[in-house]
Amino acid sequence: MVESGGSGAVNLLSLSYFVFVPLVWVLTRLIRPVKGRQLLWLAASYFFYATWSLKFLCVLLVSSLVNYALGIYLRRSPSAGRLWVGIGFNVCLLAVFKYLPVWSAHLGPGHLPALLEHVILPVGVSFWTFEALSYLFDVYREEDLDPSLTEFCLYLAFWPTVLSGPVCRLPELLPQFRNAKPVWDDIAEGTRRIVLGLFMKTVLSQILGAGLRPGEGVDFGFNQIARGWTGLDVWILAIGFAFQMYFDFAGYSNIVIGTAQLFGIRLRENFRDPFLSTSPAEFWTRWHMSLSSWIRDYVFMPLATWKPQVWWRHASLVIAMMLFGFWHGADWTYIVWGVLQGMLLVGHRQFQQLERRTNLQLPVLVATYAGWAVTFSCMLLSWVVFRANDLSQAGAMFHALVNFSSYRHFVLPRNFVWMTIVISASYFVVAGLRKLAENSKQVPILARLGWALSPVLYSAAMLAIVIMSIHKAVFVYLQF
Amino acid sequence: MTEAILNDTIKAEAIKAGAIKEMTDYIAKELVRRPGVEVTPETPLVSSGLIDSFALVEIFVKLEKLTNRRIPAAKIQPKDMDSVALMFATAERIGKPRQ
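Protein chains in written order, with the numbering used here: chain A, 1 to 480; chain B, 481 to 579.
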């Protein structure tokens, strides 16, 4: 059912990507006319996507042409009925390629399951379908959008984002496709983001996921069902998985955003220190921001304002977050994870109401640290459901969490436990140092120290990337 | 005749100014609740992170009441609600007067 990229696929960690990007960059510098430049980027994007599979490219092409036509149809008369036609097409596309084949596997033998078994799952289909939907919503909202067919196709296929986002919006990209002119600062910043992203993915996420030695790592820990888990194991696995996901997807986002910036294109940010959040609502403005803002703008807001009652707003939050979970795949673990996130947001809202009613004013420091501790713990526990192989495994892990007599020892290898603690603690140290550095920009000595240290840090990062790249690394979010 | 129209315009402007003040106070006292943060009709609310999406819905419901207009939610974006001044302009632009 799922067709992954073959050995010729250009992915963001392959050597071919670092040949492909400079080549397109040089050709971009040689072509002056905007139209020619856009055609070059579109050809490069289609080539990039076709290296994964020509079939994927065919699906993307059909989606691009149909959505472009739907956009014209909707612009002539922006009615709700016409918008629903567009929504229907894109939902059907996702259902056929992403959800039905998974559900059909549970149906048992038959004609339809046999047919659906051959359906491919184009990589990135969830990302570019949501981009197409946002275009239709924006046309319905009568945004001033007039993309040419080339520009619209480029918007959906743009090679840095086509595999796993960030989920872009046409009003942000269209002016840049027409006027992008990279300056030296863009190239320097883009390169820095790419090196940082590679370090986060190939070193930190890889170490957490696979461990330093066979029989270690988050993946091994979640699969050791026969040996069971103690409460301490579950906490360590939850921390390990949370940081593995963060370094994986934020690392990927850094590479993508950095690549686009080399061409003078500024993409929206996807992560902003999510583990420093002091409330669940804040967490969702810092984690997978491009998708969470999409859900907020196009699902939650229209849904929540449909009825004025407060209960409906709460229900809308849960429905929107359930959809967020479902977006990841047709699996109960994702749906339950989404519902849990919705309930957390509702719980936070109730606490805010209680604060208002009782005029409760906690000291700022207490409120900040208590808010952080509760948010971080709740997010960790919800990641257990997200990562578990099924709900019964999640149940077994939660059972270990509340079995306090199990908190005496670890089943997990000591090496992995210490590594997880060191990496997660280092995240908070680095985040703190970064804040300190931001505040000390006015101090000349500290500013000069930063310049002196940068080459050393980047050399060390590059060395670690080269050493770790001998392992086969795959981005977790490619499966969505 | 001209005087009557002028009076109606002045009256409508006064009602709008009162509504803007009520909305600004509501956001400052009920939703932002941060000491030292001043909310004016021009203060960015969504883009600055002062309010979350849930608060945005509460503002939307209050905006419909204050302007006595039905605003099609699917037609608005958070950027249209980024400040009190912007949200009243949006309500005037796309809201339909209630019967």
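Just so you know, these hints were derived from the structure itself, not from any lab.
Just so it is clear, CB atoms sit at the ideal spot from N, CA and C, and this is done for glycine as well.
There could be a bad hint or two in this list.
Simulated crosslink set (DSS-like; lysine-lysine; CA at most 27 Å straight-line) [what the hints assert, rightly or not]:
{"hint": "1", "chain 1": "B", "residue 1": "K545", "chain 2": "A", "residue 2": "K55"}
{"hint": "2", "chain 1": "B", "residue 1": "K555", "chain 2": "B", "residue 2": "K542"}
{"hint": "3", "chain 1": "B", "residue 1": "K491", "chain 2": "A", "residue 2": "K307"}
{"hint": "4", "chain 1": "A", "residue 1": "K307", "chain 2": "B", "residue 2": "K501"}
{"hint": "5", "chain 1": "B", "residue 1": "K576", "chain 2": "A", "residue 2": "K35"}
{"hint": "6", "chain 1": "B", "residue 1": "K555", "chain 2": "A", "residue 2": "K435"}
{"hint": "7", "chain 1": "B", "residue 1": "K576", "chain 2": "A", "residue 2": "K307"}
{"hint": "8", "chain 1": "A", "residue 1": "K307", "chain 2": "B", "residue 2": "K555"}
{"hint": "9", "chain 1": "A", "residue 1": "K98", "chain 2": "B", "residue 2": "K576"}
{"hint": "10", "chain 1": "B", "residue 1": "K559", "chain 2": "B", "residue 2": "K545"}
A partial selection of chain A residues facing chain B, derived with a Cβ cut-off under 10 Å [unchecked claim]:
{"hint": "11", "residue": "P308"}
{"hint": "12", "residue": "W311"}
{"hint": "13", "residue": "R434"}
Compare the distance between the alpha carbons of K98 (chain A) and K576 (chain B) with 27 Å, and conclude whether the hinted pair is satisfied. Answer violated: K98 (chain A) to K576 (chain B) is near 40 Å, above 27 Å.
Please check whether W311 (chain A) passes as an interface residue: C-beta within 10 Å of a C-beta belonging to chain B. Violated - the Cβ of W311 (chain A) stays beyond 10 Å from chain B, reaching only about 13 Å at its closest.
Keeping to a limit of 27 Å between CA atoms, is the pair of K576 (chain B) and K307 (chain A) held or broken? Since the Cα atoms of K576 (chain B) and K307 (chain A) sit roughly 17 Å apart, the hinted pair holds (cutoff 27 Å).
Check the hint pairing K559 (chain B) with K545 (chain B) against an upper bound of 27 Å on the C-alpha distance. holds, 20 Å
Would you check the hint for K307 (chain A) and K501 (chain B), treating anything up to 27 Å between C-alpha atoms as holding? holds, 25 Å
Satisfaction of hint between K307 (chain A) and K491 (chain B), Cα-Cα up to 27 Å: violated, 31 Å
Proposed proximity, K435 (chain A) with K555 (chain B) (alpha carbon, max 27 Å): violated, 39 Å
Quick one, is the P308 (chain A) hint okay against chain B at 10 Å, beta carbons? holds, 5 Å
Under 10 Å is the threshold here; is the Cβ of R434 (chain A) close enough to any Cβ of chain B for the hint to stand? Violated. Min distance 18 Å.
When you check the alpha-carbon spacing of K545 (chain B) and K55 (chain A), does it fall within 27 Å? Judged against 27 Å, a Cα distance of about 52 Å means the pair is violated.
Distance restraint between K307 (chain A) and K555 (chain B), which requires alpha-carbon spacing of 27 Å or less: Holds - the C-alpha atoms of K555 (chain B) and K307 (chain A) are around 16 Å apart, at most 27 Å.
Given pair status - K35 (chain A), K576 (chain B), alpha carbons within 27 Å: violated, 42 Å
Hints 1, 3, 5, 6, 9, 12, 13 from the list above are not met by this structure, while the remaining hints are.
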